[in-house]
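Each chain, letter by letter, is given below.
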Amino acid sequence: MISSHEVCRARALLPGILRRPESAARLPPERWDLVIRQARQAGVLARLCFQLDDLGLLTEVPERPRRHLEAARTLAVKHARDVRWELSCLCSALADRELTITLLKGAAYLMADLPPARGRLFSDIDILVPRDRIDEVEESLVEAGWGPGVKDAYDQRYYRRWTHQIPPLQHLRRGSVLDVHHTIVPPTARTPVNAATLTVDSLPLPLDTRLRVLAPADMVLHSAVHLFSEGEFDRGLRDLLDLSDLLSQFGRRAGFWQSLDSRAEALGLTEPLYLTLRYLDRLLALPTPAPLHDAVRRWQPPALSRSALDALFDRALLPNHDSCNDYLSATARWLLYVRAHHLRMPLHLLVPHLVRKSFRRPAAQENDDRRRRRAQVEQVLRAARAPRPGATTANAAQMRE
Amino acid sequence: MKLSAWSRAALWERLRNPGLVLQTGPFTSRVRTSIPAVADGIFLLYADYSAPQGDVFADFHIALRQPPGLRRWFRRQVSFYFDGAAPFKPLPLAQALPMLEWGLNWCISNHAHHYLIIHAATVEKGGRAILLPGPPGSGKSTLTAFLVYNGWRLLSDELALLSLEDGSVSPLARPISLKNKAIDIIGRRHPEARMSPRCEDTAKGTVALLRAPRDSVARSHEPARPAWVVFPQYKAGGDGRLRPRSKAGTLIDIGHNAFNYSVHGKRGFDLLSQTIDRCDCYDFCYEDLDQALAAFDGLAPVPALAQAASA
Amino acid sequence: MDSWRCWDGEIVVYDHCSGNTMKLDIIMSEVFRFVLRRPATEAAIVAHLAATLDLAADAHFRRIADRALLRLHQAALIQPLSSPGAPPSA
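Chains as they are written, first to last, in our numbering: chain D, 956 to 1356; chain C, 556 to 866; chain Z, 6 to 95.
Worth double-checking, as some hints may not be accurate.
[As the list claims (entries may be wrong)] Partial list, derived from the structure: chain D residues whose beta carbon lies under 10 Å from chain Z:
hint	residue
1	Arg964
2	Arg995
3	Arg1036
4	Asp1037
5	Trp1040
6	Ser1043
7	Cys1044
[Unchecked claim] Below, computed lysine to any residue pairings styled on SDA-like, alpha-carbon distance capped at 25 Å:
hint	chain 1	residue 1	chain 2	residue 2
8	C	Lys680	C	Tyr789
9	C	Lys802	Z	Arg10
10	C	Lys644	D	Asp1068
11	C	Lys644	D	Asn1280
12	C	Lys734	C	Asp832
13	C	Lys821	C	Cys662
14	C	Lys802	Z	Asn25
15	C	Lys821	D	Glu1187
16	C	Lys644	D	Glu1187
17	C	Lys802	Z	Asp13
18	C	Lys680	C	Cys840
19	C	Lys790	C	Gly694
20	C	Lys734	C	Glu720
21	C	Lys802	Z	Glu35
22	C	Lys644	D	Ile1056
Keep in mind the hints are simulated off the structure, nothing from the lab. Every value quoted in this text rests on a predicted model; they were computed, and no experiment measured them. From the three backbone atoms N, C-alpha and C, an ideal C-beta is built for every residue, glycine too.
Work out the full structure: start from the sequences and follow the hints.
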């Protein structure tokens, strides 16, 4: 039987290490046992490796846990390599179309050389294209070897009707997954976001002007919307750390806080930004920057709502691991999943949708299944690849977790 | 402390809670289960292995449990859990012990990226190792079992762990998975070798697990230097001759047979190139085990000094 | 520069961009090694291949050579130099 004191210590362990990596140097091996497992579950094991190495502390980690940190870093480096290659293939596939491709999330962080890219395990590549060109984009991608990542007709309809992207595409040979968005929030959201507003202010990548990334304030807001409005928390802590990195990086620029405040108001995304600031403080002890204090007071929901949200997010944002979960954690994640869908679907459609999902799999499981399928695709391709006349190829780069 | 020092009852208690910690080569696994067949299997197959006590760092936390729901009682199943999550679909309960082995292999091949991991058997003599890559059906497990009960040391029947630092291969020395006819063949030739009960109707047919030789387990911290890469193929009419094969082709074929070659990128390419530089590479077609043993013994003859001493 | 190794005239190459590893056939190996020494025109490559392999440089042979060049280019192992009519380089 684990005491509630032990549970509290265990839940605080990983956030504490991520806040102050230097504290890891004093950990005994049995605590490392828990840190490695929590960090792996949260998707931050490689990030932790980089952090410790930057501080010159990696060599002080005992050998056994250090091997896991280094193994995770090796995998993250491979992921980054794969994403660069994948983007190169994507640009080739869309070269004839002459359109603006805006990178989102992980791909954007990597190509813009931003801190959240370091130690990241990438799953899908997310891009934003104009809505009126999405059909031709899909057509070019299919010609270049991408196929439907979801085959179920219901899921296909669900994506096209209720979300801000077409159904995920999976490359038939490489196994990589591409999410093509036409905006950053579902079209049925209470405050829909006009993607043209985002692309007008987007910035070209210095080394490859075919690709663009969102302006800093938009990048933060998109990350916040993704974390707090899409109902998936298997990488919740990692996503929160991304936001912490972005705010820390961009906050040094003159005028950033003002632009973030006014942009959140203009796009109707004050709630996700408020939640970001609140949970950065609650989980990672990162206080809200002074220039946003007034804004936070404006955006703050009533006390009762705050308590309810805390009860949910305090649990959902921790790693989904036995050492961090309590008897309400699964319920909290489920309620937030329902909330996310409620934000995009009317109630009379939400209920049958949830019933259907509950007899199949929740979104988090689907991500896991998607990752497993990718791994299986990679394995099958590896086993079936026969020498071609002229050249034989081993282990074509594919993204894998 | 070796597992053989434990009583069956103490082992059972420990497996239920807080889990038994087992050292197998470079990896420590904390194993939990309430399935009697798994406990019996561990008691039989892992008797010579070290079982550290107390709070230790475990590389893998695994559990074998019956999944919740109807399948606890009706057409009973077993699930493998890695740190609380189930990476595979459940199997029939009768396959719980092989599932432990497959699960442990999965843990290593998915997480131990401080090695280049090849789907190959590895045996050693005189500090030099033979890597035996091969897909299922090539007969490598049967061959490995026979070799290790006839003078060769077992490093692994399934996973060759190549060190990225120095190119050596690290032992696992875990039980060998025998399939179908191989179970009888090895059982007849080596009645002294302990085996688990058979599991029928697995995806690989009938499976039984052969306990690793005591000496191999005792030396499971000693790496070896790869000296030969041999692609075995068991088939009627096989002449038992080692035929040199293309090194360039061998690199590609090993890449195909590796679990994490693409993870390591250039480093993996350099390590494999170096390994192949240092190894003689062969195809090997054989139709009986004694023929194979003779061929491999010919690769690593007993040194003259040792021969004179034994004369 | 990509990494490559040669054993008994057979070349395997690691491509840094894609992470792919390839074994080149004899024609691709010859082209690669020739261009590695110095950039060459397509005509010079075909002539060298024909001489080395002791084959007539007829239309069929040229098609094979073209295919080898294309596959090496697709694998990012050779590329045309920037000026028009310039020879490929490794």
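Discussion item. Check whether the Cα positions of Lys802 of chain C and Glu35 of chain Z lie no farther apart than 25 Å.
Written reply: holds (18 Å)
Discussion item. Please verify whether Lys734 of chain C and Glu720 of chain C have alpha carbons no more than 25 Å apart.
Written reply: Not OK: Lys734 of chain C and Glu720 of chain C at ~35 Å, beyond 25 Å, violated.
Discussion item. Next pair to validate is Lys802 of chain C with Arg10 of chain Z; report whether the Cα-Cα distance is within 25 Å.
Written reply: holds (10 Å)
Worksheet entry | Interface hint outcome for Ser1043 of chain D [beta carbon to chain Z under 10 Å] | Nearest chain Z Cβ about 7 Å off; hint holds.
Fill in: Distance restraint between Lys821 of chain C and Cys662 of chain C, which requires alpha-carbon spacing of 25 Å or less
Answer holds: Lys821 of chain C to Cys662 of chain C is near 24 Å, not above 25 Å.
Practice prompt. Could you grab the alpha-carbon distance between Lys644 of chain C and Ile1056 of chain D and see if it respects the 25 Å cut-off?
Written response: Between Lys644 of chain C and Ile1056 of chain D the Cα gap is close to 39 Å, so the pair fails against 25 Å, i.e. violated.
Practice prompt. Take a quick look at whether Lys644 of chain C and Glu1187 of chain D sit within 25 Å of each other, Cα to Cα.
Written response: OK: Lys644 of chain C and Glu1187 of chain D at ~23 Å, within 25 Å.
Fill in: Lys680 of chain C paired with Tyr789 of chain C [C-alpha distance capped at 25 Å]
Distance of about 22 Å is within 25 Å: holds.
Worksheet item: Is Lys790 of chain C close enough to Gly694 of chain C, meaning Cα to Cα at most 25 Å?
Response: Answer holds: Lys790 of chain C to Gly694 of chain C is near 9 Å, not above 25 Å.
Item to complete: For the pair we were handed, Lys644 of chain C and Asn1280 of chain D, check the Cα-Cα distance against 25 Å.
Response: Roughly 24 Å between the alpha carbons, so the hint for Lys644 of chain C and Asn1280 of chain D holds.
Worksheet item: Regarding the pair Lys734 of chain C and Asp832 of chain C, is the alpha-carbon distance no greater than 25 Å?
Response: violated (34 Å)
Worksheet item: Are the Cα positions of Lys821 of chain C and Glu1187 of chain D separated by 25 Å at most?
Response: Judged against 25 Å, a Cα distance of about 35 Å means the pair is violated.
Comparing the model with each earlier hint shows violations of hints 1, 2, 10, 12, 15, 20, 22; every other hint is respected.
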